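Colleague: Residues per chain, in single letters:
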Amino acid sequence: MNHPTPPALAVTGATKRFGAVLALDGVDLAVHHGEVLALLGDNGAGKSTLIGCLSGVHKLDGGAIHMDGEPVEITSPTTARAHGIETVYQDLALFDNLDPAANFYAGREVAGPRWLPRGLRYMRRGAMAGVTAEVLSRLQVGIPDTRASVGLMSGGQRQAIAVARAATFASRVVILDEPTAALGVRESRRVLELIRRLRDEGRAIIVISHAMDHVIEMADRAMIMRRGRKVGEVIPHADNRERIVSLIVGGDG
Amino acid sequence: MNHPTPPALAVTGATKRFGAVLALDGVDLAVHHGEVLALLGDNGAGKSTLIGCLSGVHKLDGGAIHMDGEPVEITSPTTARAHGIETVYQDLALFDNLDPAANFYAGREVAGPRWLPRGLRYMRRGAMAGVTAEVLSRLQVGIPDTRASVGLMSGGQRQAIAVARAATFASRVVILDEPTAALGVRESRRVLELIRRLRDEGRAIIVISHAMDHVIEMADRAMIMRRGRKVGEVIPHADNRERIVSLIVGGDG
Amino acid sequence: GDDSNTSNAGSSVLKVGLITKFPVDFYDTMVDAVKKYDAEHADVEVIYGQGKSGTDDEGVIAIIENMITQNVKAIAVTPTSPNVSAALDEAVAAGIKVVLIDNDIPGWTGKSSLVATDNLAGGKLAGTWLAEKVPAGSKIALLQGRLGNPSLDDRIKGFKETFGSKATVVAEPATDCDQTKGLNAAQDILTAHPDVAAIYGACGPPIIGALEAVKAAGRTGNVVVVGFDAAPDELTAITAGDQAASVAQFPAKMGSLGIETAVKAARGETVESVVDTGTEMVTKENVARFS
Amino acid sequence: MADTDNVLAARRPPWRFDAPQLALTTIRIGPGLMLVAVVIAAASLSPVFLTPRNIGNVLSQSAVIAVLALAQLLVIITRGIDLSVGSTLALSAVVGALVFSSTPSGPLVVLAMLATGALVGAVNGTVFVWGRLPHPFIVTLATLSIARGLALWLSGGQPLQGMPQIVRDIGGGSLGWFPYSGFLVAGLALLGLLLTTRLVWGRWIYAVGGNPDGARRAAVPVNRVVISVYVLSGLAAGIGAVITSGRLNGGSPTFGELAELDTIAAVVIGGASFLGGRGTIANALVGALMIGVIRNGMNLLNVDAFLQPIVIGAVIVLAVELDVVRGRVEQRLRVMKAAQT
Amino acid sequence: MADTDNVLAARRPPWRFDAPQLALTTIRIGPGLMLVAVVIAAASLSPVFLTPRNIGNVLSQSAVIAVLALAQLLVIITRGIDLSVGSTLALSAVVGALVFSSTPSGPLVVLAMLATGALVGAVNGTVFVWGRLPHPFIVTLATLSIARGLALWLSGGQPLQGMPQIVRDIGGGSLGWFPYSGFLVAGLALLGLLLTTRLVWGRWIYAVGGNPDGARRAAVPVNRVVISVYVLSGLAAGIGAVITSGRLNGGSPTFGELAELDTIAAVVIGGASFLGGRGTIANALVGALMIGVIRNGMNLLNVDAFLQPIVIGAVIVLAVELDVVRGRVEQRLRVMKAAQT
Ligand SMILES: Nc1ncnc2c1ncn2[C@@H]1O[C@H](COP(=O)(O)OP(=O)(O)OP(=O)(O)O)[C@@H](O)[C@H]1O
Ligand SMILES: Nc1ncnc2c1ncn2[C@@H]1O[C@H](COP(=O)(O)OP(=O)(O)OP(=O)(O)O)[C@@H](O)[C@H]1O
Ligand SMILES: O[C@@H]1[C@H](O)[C@H](O)CO[C@H]1O
Ligand SMILES: [Mg+2]
Ligand SMILES: [Mg+2]
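Chains as they are written, first to last, in this note's numbering: chain Y, 1 to 253; chain S, 1 to 253; chain B, 1 to 291; chain D, 1 to 341; chain C, 1 to 341.
Think of the hints as simulated: they come from the structure by calculation, not from any bench. Owing to the predicted nature of the structure, the values given are computational and were not obtained by experimental measurement. Mixed in with the good hints there might be a few duds.
What the hints assert, rightly or not - Ranges of calculated distance between the beta carbons of each label pair, as one might list FRET restraints:
no.: 1; chain 1: B; residue 1: R267; chain 2: C; residue 2: A314; range: 51 to 61 Å
no.: 2; chain 1: B; residue 1: E269; chain 2: D; residue 2: S105; range: 21 to 31 Å
no.: 3; chain 1: D; residue 1: D304; chain 2: B; residue 2: A42; range: 22 to 32 Å
no.: 4; chain 1: D; residue 1: L307; chain 2: Y; residue 2: G19; range: 54 to 64 Å
no.: 5; chain 1: Y; residue 1: G151; chain 2: S; residue 2: D220; range: 31 to 41 Å
no.: 6; chain 1: S; residue 1: L120; chain 2: D; residue 2: L193; range: 45 to 55 Å
What the hints assert, rightly or not - For the chain D half of the interface with chain C, some residues (derived, Cβ under 7 Å), not all of them:
no.: 7; residue: H135
no.: 8; residue: I138
no.: 9; residue: A142
no.: 10; residue: S145
no.: 11; residue: A265
no.: 12; residue: V268
no.: 13; residue: F274
no.: 14; residue: R278
no.: 15; residue: V303
no.: 16; residue: F306
no.: 17; residue: P309
no.: 18; residue: I312
no.: 19; residue: G313
no.: 20; residue: V320
no.: 21; residue: E321
Said to hold, decoys possible - Here are some, though not all, of the chain B residues that point toward chain D, as calculated from beta-carbon distances under 7 Å:
no.: 22; residue: T55
no.: 23; residue: A62
no.: 24; residue: S81
Positions of the beta carbon are idealized from the N, C-alpha and C atoms, including for glycine.
Build out the structure end to end from the sequences listed, making use of the hints.
Modeller: Put into structure tokens, the structure is as follows:
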């Protein structure tokens, strides 16, 4: 693939320490609009840390982030959101005590009037419920009672809600950390379809996954990390599966 | 495979209701010594419920369990353990506040003297730590500090501890509920190797997994469930992968 | 009257209320005296209420309100603090006569009568008495009651007024009228000031605790211990010579005079505005009269 | 609700008689059922209980616990606890009385009480959040002690007499038999209802309690939300001080002793959970009223003072146990209903 | 420890000077450091503080809180709380005094007190477990109220004088300046240490607190373990009653008021967490001693009665805040040490 336009999201020289652990060591990453980038690597390779830095959960110790060619600072989940980046976290980050609509809009409730400080605004609960119901039905997630709290829902339903939430609000970049780990075959397929749809709508997508099948099926490009460094980049295909695995596992694997 | 001896573990007509939900509806399952049985099915198919009934977490509403041809009653985790059945739960069921040895031996602490009630016995902490360290080193799990609590360890290390615990204590049957869901390529391989080793030692193994690659690689036989029923049984192979998937997903998939 | 039988006997029975502060022997003695009066007077029905602690204003107010609801004609009440006066105003407005027992509400004019010990006077009595017993220039310690309780504070204030500067007060911790806290405080005082000559307390329980500390320090009889209330345990200690003295109040007298006054007021008879039930120093010499 | 209903109307089957739904709706009233039971018991044991005058008494006797419970509920929804409410109430009352002794201005006195409460709450919240304490138990236990000490020190240990007319009206006045403090509680409850169900901030309170880490990642201002509930709890203690001072026409350092246990009990009777994220304004009110009704009933029935704590303890545990049973029945009904569809 | 060391010795590098390790070991003493700080402060302010006699006072004054805190620790490790300890102590003391009034047998009186405590604990535990209550707060709040009511009722509200010699010795006797109650606390602490670190039951207590559901699946008898910690807490209240009654030579229904707050504070100062699974016997003792030392020091220094609650509150929150800082430093040292290997 050849990209005349600058990448939707690019990070260069990303470095991050936790105490004495060097979790990221000068990593470069770029993803374009309409592209699915798979982020691969063994447990502890630094994948979640890297996307944490892109979604504002962690702050980079070193490195620069550009969006559509412009330098940006991502210092908090709020700034990430403001830049149109949405994330599905490994632990889903759902509110078990709230219903799907409240989960969808947590932290960005539709409310007014505008002249009031955000916290004091009156929520448009109908509007929020409406959009949520529509998105979930488009995703064909069978949720019998949309007003039940998500804590009562099955693992598959919960993952679907988290994915749908990110899909709805990302204007530019969607990041998914192992979005199909707990899903069955059918549910995984739906998520893969959704990712493809988002790509076709021009969003840039970063997916972390340990499932090589899924990576081969959906990713336009794969970037492999080991011990906090980028160790390779390939176009995933059934033919170079072994090569990818050996990049992940490293020389001693 | 032809088995002249009775299965290590067999359940016939397993039925289980949660309120109005019929989670299991007359399921038969049998696994032999030296065999790996994969239990497949989509989210909510009833897999965890079925193995819950075999490990004493749930009580069957109907059906019978036989071990090596003898009828047995499994009414609690204690009776399951007494029958030599060990389980790796989907949520790992680790004690984050305790060290690996305490996790290994939780509920079956090595302690004496024998004439005292179990709770009042003095623990042989050295013996427990020794076995634990040995097992973990055999599994090549890199755990820097074996006296740290497992809550501080990475997802991969935690899963390895849970799997090793079951492997150590199962005399007859090991049940694993999605043991590689959170694992990277290298860690998954280790677990697959461990499963093969357990099989070679004559243990009967039931594995739940959504990762078709792993199933094909390790399972001698696969049993597929859908909506609380058994819908098929196949010898998994790269060639019948599509068939398995369509059994999982069902006619409407 | 016997409340179980005659409570519905019609207008000839006069319904009056007695409210006491909280469950301790002092108020039990008072309540017992009133119950005796109740049993002896068929034309009077007494209903009872009690708070949870010596400072339970809220509880006492709730009881006052409930008694108004139940149409009592008079209330005899031991006010926990001036704060209950607003509720008592309501009672007066509803035509109920109010008699204060045990202590006054300074400046509150709604009462028909006050039947009480003057706690300030009691404290003065103790101060005068102790000033004669300790050598000039010695050290003494005071065990306060519960901070914020006016009658307890008065006992300390009155004591200081008459005791003057005969001796130095080296410590005056609050004990919440709690036995254990009295013991702990006395232990610490005797450790920090082994030569302390006397201990005076605003209530009985901490004094009982303090006696244990004095005993453990081997100074029984050597430290002059003076309490307030002359509770049964104190009387025992005075008889045994462990405690020197205590200021006695007369709760039974307060109770019977209090209820009698309330009944009179409710019947429209004239009552004295102050009935002083008096205080008296109890010492080894006269303790037999109190036991 | 109305909005939601419109949107979902299309996908709903037309109304038909629906026994499980009906049972479910009834049983969801939850702790309210227990309150009704207690009221019926009290009314049948005492003829005076249901007189307007006594109802007025119950309301004014419960008003302070109710106000404190409304705010304690918010604290508990965020997984917290505020042990300092009773002492803060005392401190606010004393400050109010002192202000009154130097100025006759009613509004100034009220303002001083509210500000004192909010200030203690702000200390609780900021020390907890910025000190990264593992649990608010410790800091609010400390302010329990400190606020009481300050109240004693400022007042010289004396109850201080006198409050401006506006305070006396709020605490002791009534419209017919209905106490003004009852209106105040109702007003605050409505505000609480607005906050918890309609305003963004209220939604955030639940989000923080349900998943603090998730809330942070969802760009909810978690620290500010947590601090705010302690400020509101302190403010409620200030309002409680206004009511108490008005009722008692003065401020005393002994006000509000053990109020923390009453308010927490009210909130928990109302079905909130220490694990956070759960609980409603209506049920917290029910819990406060339940305690008030039991106390009042025992006074009316002239229950022995020694027995009162026994009865209260027993009724509290019974109410919660009944709610556990109710919850399990609700669960069963829910499953039955799900099975229908 | 010894056994573990043997097994792991093979894989350890030979000893060498190891600064982070040394710092780590020092800082792990944890809350003990804070106690040392408080003791140094008290000793430098009052010359009497470190005299044997005063140390004896501190020990006997802290004994009851210490005993209660040892058991409260076990309760808190299982994610629970026991609010009823103070009232249970009072009830046990009253029962003991009543038994003494009808039999002079010392052992019988002690037995009656212990049995009363254990019984209340058993009620707490079984109602919580079998009633499937969401949190032990409620049932122990109820028994707080009920036990106090029973104590008042049984005693007629009167303090009851007199205790057998054995009880008086336990509570008030001493060997030289060292109080017998200090030996009792030490003995119980050793038992607690044995239980929590060496016996299977203790391991189960931590397992239940760390992961109740996992414990159930690991065939740990969770319900019995939970009930047992409440029984032990009740038993501790019985022992506390023996000490208090012995010190005061009698039993009074007002004993132990607010003891629950003191004991919970001691346990939390000692670093235990309401989230369960964490906390040690040694640190709970440290917490109890810390409270005892502060109170004693203030009495010795004749700190104004009004100021005492303020100082206590401030010192408690400071101690916990320092422990938070200490914990973060420890974390950093741990990382540094991991980086070395
Ligand atoms: N908050 C943290 N504090 C300290 N160390 C951390 C923290 N988060 C991650 N680490 C460490 O950083 C390294 C990278 O972790 P990270 O979670 O990014 O791995 P990952 O590639 O996402 O692994 P997985 O596939 O298991 O999710 C690991 O060694 C981990 O222990
Ligand atoms: N404790 C329970 N109470 C009520 N319903 C339950 C309970 N446990 C499971 N179920 C229901 O039983 C059905 C089977 O669930 P189960 O957990 O066995 O599925 P599974 O095949 O393991 O799915 P997954 O792949 O998502 O783990 C589901 O509909 C589930 O909602
Ligand atoms: O005022 C009362 C009594 O006079 C008695 O001393 C008991 O405690 C006080 O509160
Ligand atoms: Mg990760
Ligand atoms: Mg499952």
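Colleague: Now tell me, hint by hint, if it's right for this structure.
Modeller: Going through the hints against the structure:
The hinted window of 51 to 61 Å between B:R267 and C:A314 holds, with their beta carbons roughly 57 Å apart. The hint said 21 to 31 Å for the Cβ distance between B:E269 and D:S105, and at roughly 45 Å that hint is violated. Between D:D304 and B:A42 the C-beta distance comes to about 23 Å, which sits within the given range of 22 to 32 Å. Separation of D:L307 from Y:G19 is about 60 Å and conforms to the stated range, judged on CB atoms against 54 to 64 Å.
Between Y:G151 and S:D220 the CB atoms are about 38 Å apart, so this pair conforms to the stated range of 31 to 41 Å. A beta carbon spacing of about 54 Å between S:L120 and D:L193 agrees with the range 45 to 55 Å that was offered as a hint. Given hint, D:H135 at the interface with chain C, holds; its Cβ is 5 Å from that chain's nearest Cβ, closer than 7 Å. With its C-beta approaching chain C no nearer than about 5 Å, D:I138 sits inside the 7 Å limit, and its interface hint holds.
Using the Cβ-Cβ criterion of 7 Å, the hint placing D:A142 at the interface with chain C is satisfied: the shortest such distance is roughly 4 Å. Proximity of D:S145 to chain C holds as hinted, the smallest CB-CB distance being about 3 Å (cut-off 7 Å). With a least beta-carbon distance of about 6 Å to chain C, the hint placing D:A265 at the interface is held under the 7 Å criterion. Against a cut-off of 7 Å between C-beta atoms, the interface hint on D:V268 holds, since the closest Cβ of chain C lies about 6 Å away.
Interface restraint check for D:F274: the shortest CB-CB distance to chain C comes to about 5 Å, inside 7 Å, so the restraint holds. Against a cut-off of 7 Å between C-beta atoms, the interface hint on D:R278 is violated, since the closest Cβ of chain C lies about 9 Å away. At a threshold of 7 Å, the smallest CB-CB gap from D:V303 to chain C is about 11 Å, leaving the interface hint violated. The beta carbon of D:F306 comes within 4 Å of a beta carbon in chain C, closer than 7 Å, and the hint placing it at the interface holds.
Given hint, D:P309 at the interface with chain C, holds; its Cβ is 4 Å from that chain's nearest Cβ, closer than 7 Å. At a threshold of 7 Å, the smallest CB-CB gap from D:I312 to chain C is about 5 Å, leaving the interface hint in force. Given hint, D:G313 at the interface with chain C, holds; its Cβ is 3 Å from that chain's nearest Cβ, closer than 7 Å. Contact between D:V320 and chain C, as hinted, is supported at the beta carbon level, the nearest pair being about 5 Å apart and thus within 7 Å.
Nearest Cβ of chain C to the Cβ of D:E321: about 5 Å, under the 7 Å cut. The hint holds. Taking 7 Å as the C-beta cut-off, the interface hint given for B:T55 holds, the closest approach to chain D being about 4 Å. Interface hint status for B:A62: upheld, as the beta-carbon distance to the closest one in chain D is roughly 5 Å, under 7 Å. For B:S81, the suggested interface contact is upheld, since its CB lies about 5 Å from the closest CB of chain D, less than 7 Å.
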